Structures are given as structure tokens and as C-alpha cells.
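Residues per chain, in single letters:
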Amino acid sequence: MMGTMRFFAVHVEGSTLIVAPTGPVSNLVGHEVQPELSQLLDLFQKEQCRDVLVDMEKVSFFGSVLLGALNSIFRQVRQRAGKMVICCLSGVGREVIHVARFDTLWEIYPTREEALQSLRS
Amino acid sequence: MPTILVVDDSAVDRRLVGGLLENEEEWALDYAADGSEALQKLCRAPCDLVLTDLVMPGMNGLELVAAVRSRYPHVPVILMTSKGTEEIAVRALHAGAASYVPKRILAQDLAETIRRVLAVSSRHRGKTRLLDCLTENRCSFVLGNDVTLIESLVVHLQESAMQMGVCDEAEVTRIGVALEEALINALYHGNLQVDSELRGEDDQTYYALVAERCRETPFRDRRIHVSAKLTRQEAIFVIRDEGSGFDLSRLPDPDDPSALERASGRGLLLMRAFMDDVSYDPTGSVVTLVKRRKADAPSPTKENP
Chain A
1 MMGTMRFFAV
11 HVEGSTLIVA
21 PTGPVSNLVG
31 HEVQPELSQL
41 LDLFQKEQCR
51 DVLVDMEKVS
61 FFGSVLLGAL
71 NSIFRQVRQR
81 AGKMVICCLS
91 GVGREVIHVA
101 RFDTLWEIYP
111 TREEALQSLR
121 S
Chain B
1 MPTILVVDDS
11 AVDRRLVGGL
21 LENEEEWALD
31 YAADGSEALQ
41 KLCRAPCDLV
51 LTDLVMPGMN
61 GLELVAAVRS
71 RYPHVPVILM
81 TSKGTEEIAV
91 RALHAGAASY
101 VPKRILAQDL
111 AETIRRVLAV
121 SSRHRGKTRL
131 LDCLTENRCS
141 FVLGNDVTLI
151 ESLVVHLQES
161 AMQMGVCDEA
171 EVTRIGVALE
181 EALINALYHG
191 NLQVDSELRG
201 EDDQTYYALV
211 AERCRETPFR
221 DRRIHVSAKL
231 TRQEAIFVIR
241 DEGSGFDLSR
251 LPDPDDPSAL
261 ERASGRGLLL
271 MRAFMDDVSY
281 DPTGSVVTLV
291 KRRKADAPSP
301 TKENP
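If you read the protein sequences in the order shown, they are chains A and B.
Note that my numbering numbers the first sequence so that position 76 is 76, with each residue one more than the last.
Note that my numbering numbers the second sequence so that position 288 is 288, with each residue one more than the last.
Just so you know, not all the hints are guaranteed correct.
Unchecked claim - Restraint ranges, calculated between C-beta atoms of paired labels, are given here:
1. A:Asp42 with B:Thr148: 37 to 45 angstroms
2. A:Glu113 with B:Lys229: 41 to 49 angstroms
3. B:Ser10 with A:Glu107: 37 to 45 angstroms
4. B:Arg250 with A:Ser60: 29 to 37 angstroms
5. A:Glu57 with B:Glu37: 44 to 52 angstroms
6. B:Val142 with A:Asp42: 23 to 31 angstroms
FYI, nobody ran anything at the bench for these hints, they're computed from the structure.
Model, not experiment: these values are computed from the prediction.
Where is the CB? At the ideal position from N, CA and C, for every residue including glycine.
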């Protein structure tokens, strides 16, 4: 199934929930991101997904709000003993994840194909 | 004498345009047969205005508009449109073209359109040159608890930092992220006193409390005070909230792996990573963020090295 919210395009492929933020996610829209995050988490449960791929191709920058949202998704993934992978990060995006040390929890890949491959293997 | 670069793949049309403009003694004319040649000429010597056909083989007028906007933002582009290209012309205007003239009325409208666009462009250039001479820029703002104003303020401060040459395009995004984090802290945790520990645990309750306190006294009456001092060497931003302050020592130790997934302190980590200096006053209500121009950054202006 597929769907597009304001901040996230969502696509389920097998047991993987593919989430692609549709543009930069400013900290100032946290109150608007939160309901969509709830929908994402519901979908993850409903579709009985195990893994999540987050494609950041359209996200030139983000801050703690998106980091927090990604971490909420990661918690669900971990409960299912799944894996969360991130791909197509911008330079600043990679720095943000590195500074917050989430690169120790999430695998980062340059392309979506490589990220998908890592989930298949 | 302003130079106009005429771009058209049709030699006949180039001659036609040349004939129309040659009588204007105040302009020098140059010609290119397509977008690529136009860019090569601009690279050698930027002109004052580009007048281009819309439909050309290779790089078309729309692509040329985008390329000129990106590489030579002060050079205006006027399009010459034919019947049936109106839709592309609208897209070109959205992409940053200054104006357009239908080819069928070139004789009547072209010179006047160029004159008008050059006049506007000249005023912009004058302002740009003046701002290149700016040595210090100070500004202060007092904001209510309004997220949309914060967004505009961040953009304004980013533009000011760019204008002063403190940062380049890549660095300005980092400044924006750091300022956003600091301002959101001032609003949510300072003025509205919503505990950051709640975020990440129960986001719905967190934002519900934010909305509730935006309506309640004393929270709703509090203000965020922002001052910025920008020179050619550094940008100093001071952000003060009217909350009851916070104890910095309560924030998790960033080196503690168990703190990794806690939401609190993440914003401060980003502020510290993206600014050169971040310091709080003893109350925790005033944060000062400093961004310095990199030592190896090119001189911002010729006039003010």
C-alpha cells in the first residue's frame, strides 16, 4: 500500500515500511508532524512490518523534531526485533544524525537500493 | 554602458533583435546562438541583461533562466516568446525570469521592457554594492509565542549572516538548524515551561500541553527577546526567554550512551555542533550563540576585506 501525508510519503514493501519525508522538516512544525508520526506508527503495526527504511533524499535539513520522530519509529522496530536503515542523507543531515549519535543505532546507506539490499540480506 | 546578450538559435531573429536595439545608443550588444554559448560568454564577462529565445536546441530558454539565476543572480533575463510557448514562459517567470516580450510585438515593446528591467536591476545592484560596504549590522526583536514568526526570524538572521559573509551556503543551513533549536527551546521549555523529558515519551501530550499553555497566563504573555550583532568576522545571537530558567546540569551527559535516546539535550547538542560557541547565563534563560567566519573563507568584499 502507498500513501502521502504532508510530511511523509509511505510505502509498504513486504515486511518493510518505507518512509520518505517529502521535504525539509523544520523544528517549528513539530505539532503538525506528531499526528502523522502516530499514523505512521499505526501503519507499522497494522501492516505487521518488521523493518523500516527512511529515504531522506528530499530532506536538505532537519533538527531534533525529525530526529525524535525517527527515534519513535526505531523503538517500534526494535520491539519487533527489526532493523531501521536510513539512506540518501544530505551533508547536514548526516552531521545531525552523527552529532546525536544515532549513527550508532541506525545503519546509513548512500542509496535506497543499497539500503534495501541490506534489509534483504 | 550596459551590455545586453541576445541569445537565439535563429540568425535571422538575432539580426532582427539587433536591428531593433542598435538604435539605442546607450546599450552594447553581444550575441549567442544557444544557452551553452551564452553561459560561456557570461563566464568570460558577465553582461547586464540576457535577452533569450525560449525554444532553442540544446539548452533552452527555461534552462538558461535557471542557470543564470543560479550562477549570476544579479543578471536579469528577459524571454522572447512565440505563439504556443506561453505555458513555458510562465514556468520561466516562476524560475526567475525578469520579464517576457512576445516576438510578434518586439518592435513595439522590446526596448521599453529592457529599459524598465535594467532600471530595476540597477537599483538592486546599487543596493547590493552599498550592503557590501556594511561593516556591522545589529537588530533586536521581541516575539510573542508564535512559531510562524520564529520561522521568519530564522530566515532573516540566516540572510543577514550570508550578507555579512560570515558563512557560505552550506554553513548557513547549520546556522539555521542551531537558531531553530535555540528559539524552540526558548519558546517551549523557557516561556511555556513544557518539560523536554515529555517529548519522545508522549509527543501527543507534549504538544497538547504546548497548545494549552499558549492560551494560559502567565505563559501566553511571555516574550522571546532576540538580538543579533553581525560583523564581517562573526555573528553573535542572544536569545532570552521570560521563563523561570533551567538547570543545565539536569541535561543528560552527551557522552553517556544511556542518554542517547532521551529527547532532552538533543537540541543543545546540535546548537553546539553547528555554532562555534554556545553559552548560557547562570539562570539558563539567556543563550548566546556565536558563529565565526572561517579563517580560510574568501574575503567577503573588495571594499571591506
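We went through each hint and held it up to the structure:
no.: 1; hint: A:Asp42 with B:Thr148: 37 to 45 angstroms; in the structure: 29 angstroms, violated
no.: 2; hint: A:Glu113 with B:Lys229: 41 to 49 angstroms; in the structure: 48 angstroms, holds
no.: 3; hint: B:Ser10 with A:Glu107: 37 to 45 angstroms; in the structure: 55 angstroms, violated
no.: 4; hint: B:Arg250 with A:Ser60: 29 to 37 angstroms; in the structure: 33 angstroms, holds
no.: 5; hint: A:Glu57 with B:Glu37: 44 to 52 angstroms; in the structure: 33 angstroms, violated
no.: 6; hint: B:Val142 with A:Asp42: 23 to 31 angstroms; in the structure: 41 angstroms, violated
Violation of the numbered hints given earlier is confined to hints 1, 3, 5 and 6; the remaining hints are satisfied by the structure.
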